[in-house]
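Student: Heads up: the sequence lines are chains A, B and C, in that order. Residues 9 to 163 in our numbering are what the first sequence spells out, letter by letter. Residues 11 to 603 in our numbering are what the second sequence spells out, letter by letter. Residues 739 to 1124 in our numbering are what the third sequence spells out, letter by letter.
You may find that some hints are simply not true.
What follows is a set of in silico ranges between Cβ atoms, one per label pair, in the way DEER data are often shown [what the hints assert, rightly or not]:
(1) 140/B with 117/A: 29 to 37 Å
(2) 869/C with 39/A: 21 to 29 Å
(3) 119/A with 226/B: 30 to 38 Å
(4) 520/B with 786/C: 15 to 23 Å
(5) 140/B with 113/A: 52 to 60 Å
Beyond 10 Å from chain C on every Cβ pair, some chain B residues (computed) [to be verified]:
(6) 52
(7) 229
(8) 300
(9) 490
(10) 598
Keep in mind that the hints were calculated from the coordinates and are not lab data. Even for Gly, the Cβ is constructed at its ideal location relative to N, Cα and C.
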Amino acid sequence: MITITESVREKVGKHGKTRDALLPVLQDIVAEQNYLSDLAMVEVAKQLNISAADVFGTATFYSFLTPRPMGKYVIRVCKTISCSMKGKHEVLSTIEETLKIKLGETSADRKFSLLETNCIGWCHKAPAMLINDEPFTELTPKKVTEVLREYIKNR
Amino acid sequence: MVKLSVNGLLVEVPEGTTILEAARKLNFKIPVLCHHDDLCVAGNCRVCVVEQLGGKALLAACATPVAEGMQILTNSLKVRTARKHVIELLLSEHNADCTKCYKNGNCELQDLSNEFSVGDHIFLDLIYHKEYTIDRFSPAIQKDDSKCIRCQRCVRTCEQLQGVNALSVAFKGDQQKISTFFDHSMAEVICTNCGQCINRCPTGALVERTYLDEVWDAILDPELHVVVQTAPAVRVGLGEDLGLEPGERVTGKMVATLKRLGFNAVLDTDFTADLTIMEEGTELLTRLKKALVDKDESVSLPMTTSCSPGWVKFIEHTFPEYLPNVSTCKSPQQMFGALAKTYYAKARNLDPKKIVTVSVMPCTAKKYEADRPEMRSSGYKDVDYVLTTRELARMIRQAGIDFQLMKEDRFDKLMGSSSGAAVIFGATGGVMEAALRTAYELVTGREVPFEKLNITPVRGFEGIRQASVKIEGCLDEWKFLEGVELKCAVAHGLSNARELMQGVKDGKINVHFIEVMACPGGCLGGGGQPIPTNQVIREKRAAAIYAEDMSLAIRKSHENPEVLQLYRDFLGEPLGHLSHELLHTHYKERERY
Amino acid sequence: MRNIPVKRVDLIFEKVTCKEIFLKTLELKPEEIIQSVIESGLKGRGGAGFPTGLKWQFAAREKSNEKYIVCNADEGEPGTFKDREILDEVPEKVFCGMAIASRAIGAKVGYIYLRGEYKFLVPKLEARLNEFHKLMKSVGHDFKILLRLGSGAYICGEESALFESIEGKRGEPRNKPPYPTKAGLFNKPTCINNVETLVYTVMIQKYGAAHFKDLGTKDSRGSKVFSVSGDTPKAGIYELELGMSVQEFVDVFGDGDTKTVQVGGAAGFCVPRKRFDETIIGFEGVPTGGSMKLFNSSRSMYNVLHNYLDFFTEESCGQCTPCRVGCQQLLKGIEAVKKGEKSSKYLDELVKLAATMKLAAKCGLGQSVGNAFSSIVENFKEEIIY
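Hey, can you work out the whole structure from these sequences and the hints?
Tutor: Okay, here's the thing in structure tokens:
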């Protein structure tokens, strides 16, 4: 298994050691691990020669760079007005029932985390959600069940 | 030059001046919270908003440069409404338990809400809905998020002045807060306990951990013998918290008052400052000898001072590879503590168990230093309690003593005499100057070749200063130093220290001896000094320090009679066996977060 | 005032050969390019509406060997989704717009700041960027574009916050002045334009300034891409000529029961039915970055306002008092009024607070929350209270 030091070094190698590399490095770590552990942040701080508190402060400004452990698939259901008007609540409860987790929780097998998020730019096809980077739109309880079934089964 | 008007009065100021500064020139005080003269512009709190005639939005006076022909109103109806709103908003997320607050009476937010007669509490109490942490784990600093108004002065202090970055702004929106790494306790992170954040916090969010009650308990316990020591910088700062002007020397009044408070002995950290020079000076010369004569390449040079506990913790975290370079000398406070419970106890025929040592320091990091596990070489906790200058002022007020009316008195004997060299420990460059006064004379038998012993090149407020002294005409045993250009560097404020150490690391700075003081201006600008502290005040305190030095008969550490007596009666010689046991210490590498 | 009926335009999504257009601009002097953009009357399409040509001119006049073009693709305003479509459909036109701007102001490096929510576009954009860089090489123009991602922070759409974010910091807006054209990204002169704006500059080069200027009204030249959503049978993305009234818009896009239109997103303005006729969609009336959200009579405006305030409370960067605390007070305040914990008069206090936010907040976000709040509360007071 690759250590966190090596993993960060590889990312720093790709993006550079200057301050403006911080977000790309953190984004790459999240893409791999779905969250930022304290170890990862300390390592980034060391390699970019900035303070760990600064890394923590910067990361936590961004909703997607979360310091909380997340499942393999992070479901972010849009909660902003159009989606909220067009049936977000039903979609959300369907997800909760299907995955047996509540909003804000991660499933016991660490496969899914369920979050709400602010507008993701699919208002004309509301309600919408992201699973990791992939958007799903015009959701209905039926549609979201099908989407989730694929994730549970195949991936 | 730019011309503008403020409240109808014309003023001309250089380009780049802020509206705030321009208004000050006309004697219009615009209130500020996030702004601090020591720090870069933030423009966050919006208390300083002013109206520009014809402008759409209000402008933050602290963050907006003047422009030609500007017409500024600092007290218009729009401004007053907005300002009052801003103060009300800040209060709505502030735990305003003022009567219980440590900062009651010295709080900028309290003053502002008083000035603007805020009290309607127009808005909902937000503090009620939130969970806040109060971090009391650090022996030096207490952080109470419920009092924080997010002005970020502390963050800027920690980042810009100190280069430490223990504090950062974290999260956003209503969750935004001032946080350490992962919101760990201040005790667990890279914080150096310098307390500069406390000195700039406009509320009670960051305060020192106070030990006033413990000290009173000790004083009032007839079984205990309570010894107090006072650091050099306290005597040029204390007066400010007791109604005197910055820059007043209050040594005699302070001593008299301490006696009246009931301390059994009032002694001086200056005594151990002189002792530090003897030990540290010898250590430096020993290292130089090993390097120059024995060609021992394992000798760590440059040697750095170790009297500033903020600096010591900083280097432990940040440049651990340079720990062998740090002088093994304990700080004067800790040397004092160790001697108080050994040498002093013996001389006074006291049971060390019954001795309580209290120190009054311009410093919060000293609280942490006293708590270090290695600081128990007397067999007891060498220094029991550390009070800041501010805490002493509070004690004096509690005792109902009118400080200004006190007659001057003198320190008690045995560990109470001081040279001028010890006094200047309180200013940046002072340890260096004191060391040079002694080392040069030790090596050559002559006084340092500076007028009236004032080594001005190491004085001043420049962040990093370098100087050198050519050693000529050495005494026989120091012949190896003949012709050597003794090079030294001085830094104050940890961001300057960081730059200096980086310079050493990169090979750009080549010196023999480095003095670092964690706080801007040295101890006189310490995190335990009266609030406010700013550059004008620091300069006045510095002038007072140097005046105190000049006023003393003895100006060189090695001439302090009590120090000589100590070596004669107890220690033997500098770096001797007992010295090693009581006066020297070691350091450890710490995590970088 | 000329009223323009709802008229579809096809400039943004028109397929063009970027190489041709760019080669044409290469023959022009930078001042000539800038002049044509000034003449076209194009204003920024992100919402604030600063004249694009002037912005380019300011940046061009700065003497610096390091300048930047930044494409603001941090489309976070609720109800706005047209930039995603533009980047998905015609990314090379966005790149071409940046290249034209780089020629105009003398920049060698450009950044696209894409919101993290659109990360799924990255593989496509990277592939097209590859081709674009080959094109730049082949025509001998020294300009490269770097793609940077946001990570879920609405405020990074504010230009100076966006710079901070690219620089690897918290996306907190800066004090102004200095403005970006003087000291922007990495403190260098920077020209920052919205995705859509950049594409229009391409079309202005193709068809000439006059073609664009002839569209729209005196204050709102040209056309604009609208993101239509809410209670409408025709939700989607439409490029329309500027100058129509809200009524005309509702006639085409409404569901027959439109109560109000929120123009410009959560940070925009609420236009109630009684003002549909008199309100022009454009800089003379209600400016918009493209978001047109329709609400019919089944919707509670309390819920709408609550949703918006919840959004702002989370998405405020948190650094300035009026925005950080003001948003929370507005949110908790309407809740308290709704629950009867505060009297309806308290709403007046909140409206005054909103006015302070408009005046005293550090950046456009905090200022615009005040607008959005006042315009909903003023028009739907009963719905908020009862």
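Student: Against this structure, judge whether each hint is valid.
Tutor: Going down the list of hints, with the structure as the test:
1. 140/B with 117/A: 29 to 37 Å: holds, 33 Å
2. 869/C with 39/A: 21 to 29 Å: Roughly 25 Å apart at Cβ, these two residues keep to the hinted range, so it holds.
3. 119/A with 226/B: 30 to 38 Å: For residue 226/B against residue 119/A, whose Cβ atoms are near 60 Å apart, the range 30 to 38 Å is violated.
4. 520/B with 786/C: 15 to 23 Å: violated, 54 Å
5. 140/B with 113/A: 52 to 60 Å: About 22 Å separates the Cβ atoms of residue 140/B and residue 113/A, which means 52 to 60 Å is violated.
6. 52: Its Cβ does come within 10 Å of chain C, the nearest being 8 Å, so this is violated.
7. 229: holds, 44 Å
8. 300: holds, 45 Å
9. 490: holds, 51 Å
10. 598: With a cut-off of 10 Å, residue 598/B remains clear of chain C, as the shortest Cβ separation is near 32 Å.
In the structure shown, a violation is registered for the earlier hints numbered 3, 4, 5, 6, in ascending order.
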